[in-house]
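A.B. asks: Listed below, chain by chain, are the residues.
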Amino acid sequence: MNLLGQGLCLLGAVVLLIAAWGVVRLPDALSRQHAATKAGTLALFAFVLGAGLLMPELAWLGRLALLLMVLLLTLPLASHALARAALRWGKEEGGKRS
Amino acid sequence: MMLLYGCVVLAGLAALLGFYRLLRGPTPADRVVALDLLFAVAVLLGIAAALITGRTAFLDVALGLALVGFVGTLAWARWIDQRAAREKEPS
Numbered sequence: 001m002n003l004l005g006q007g008l009c010l011l012g013a014v015v016l017l018i019a020a021w022g023v024v025r026l027p028d029a030l031s032r033q034h035a036a037t038k039a040g041t042l043a044l045f046a047f048v049l050g051a052g053l054l055m056p057e058l059a060w061l062g063r064l065a066l067l068l069m070v071l072l073l074t075l076p077l078a079s080h081a082l083a084r085a086a087l088r089w090g091k092e093e094g095g096k097r098s
Numbered sequence: 101m102m103l104l105y106g107c108v109v110l111a112g113l114a115a116l117l118g119f120y121r122l123l124r125g126p127t128p129a130d131r132v133v134a135l136d137l138l139f140a141v142a143v144l145l146g147i148a149a150a151l152i153t154g155r156t157a158f159l160d161v162a163l164g165l166a167l168v169g170f171v172g173t174l175a176w177a178r179w180i181d182q183r184a185a186r187e188k189e190p191s
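In order, the protein sequences belong to chains B and Y. Position 53, counted from 1, in the first sequence is what the working numbering calls 53; the numbers after and before it change by one each time, with no gaps. One rule links them: number in the working numbering = place in the second sequence (from 1) + 100.
Hints in this document: simulated from the structure, not taken from any laboratory. Values in this document were obtained by computation on a predicted structure and should not be read as measured data.
Computed list of lysine to aspartate or glutamate pairs in EDC-like fashion (alpha-carbon distance at most 20 Å, straight line): (1) B:LYS91 - Y:ASP181; (2) B:LYS91 - B:ASP28; (3) B:LYS38 - B:ASP28; (4) B:LYS91 - Y:GLU187.
Build the full structure now, drawing on both the sequences and the hints.
C.D. replies: Listed below in structure tokens is the structure:
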């Protein structure tokens with residue numbers, strides 16, 4: 001239980017670092033946003049799960065479940081709005097990839 | 101416990117990369133993407149702080165950061181949308 005929790009925490013941190021690396025390295029706003037949101041959601045999911053396994057008490061599990069629910073509900077919405085904005089901005093720039 | 105500090109260091113590196121894109125990013129959308137990433141790093145650091153100190157209050161901090169990040173990203177996306185529409189208007 002403890003080992004699995006620690007492994008999930010480490011996985012979350014590593015995946016978040018990979019997401020940040022993608023945000024720096026990928027060529028345009030849409031692909032950067034794809035890296036940040038998809039990998040970022042997976043990282044937070046794994047880290048919250050790991051934290052829940054490390055601290056199996058009601059006070060922790062309730063808050064972590066609420067946090068996980070909020071994250072899973074809001075991250076796709078924010079990502080969608082941001083992707084639409086980036087797409088429209090790109091069209092205004094004459095479709096050139098920057 | 102050592103492993104949690106390692107997670108904090110990794111998240112700090114991710115925050116540095118995010119700040120690079122925030123300062124450098126050529127379009128406003130790039131900067132908002134970097135801001136989104138920085139909020140994700142902040143939520144992760146909040147959970148790590150809760151695990152290290154053993155206080156659940158930091159989990160509430162992480163929850164608040166997640167909500168503020170959501171509203172902030174939506175607001176910036178709307179702003180980019182409106183600015184793109186306004187720049188189309190004159191031409």
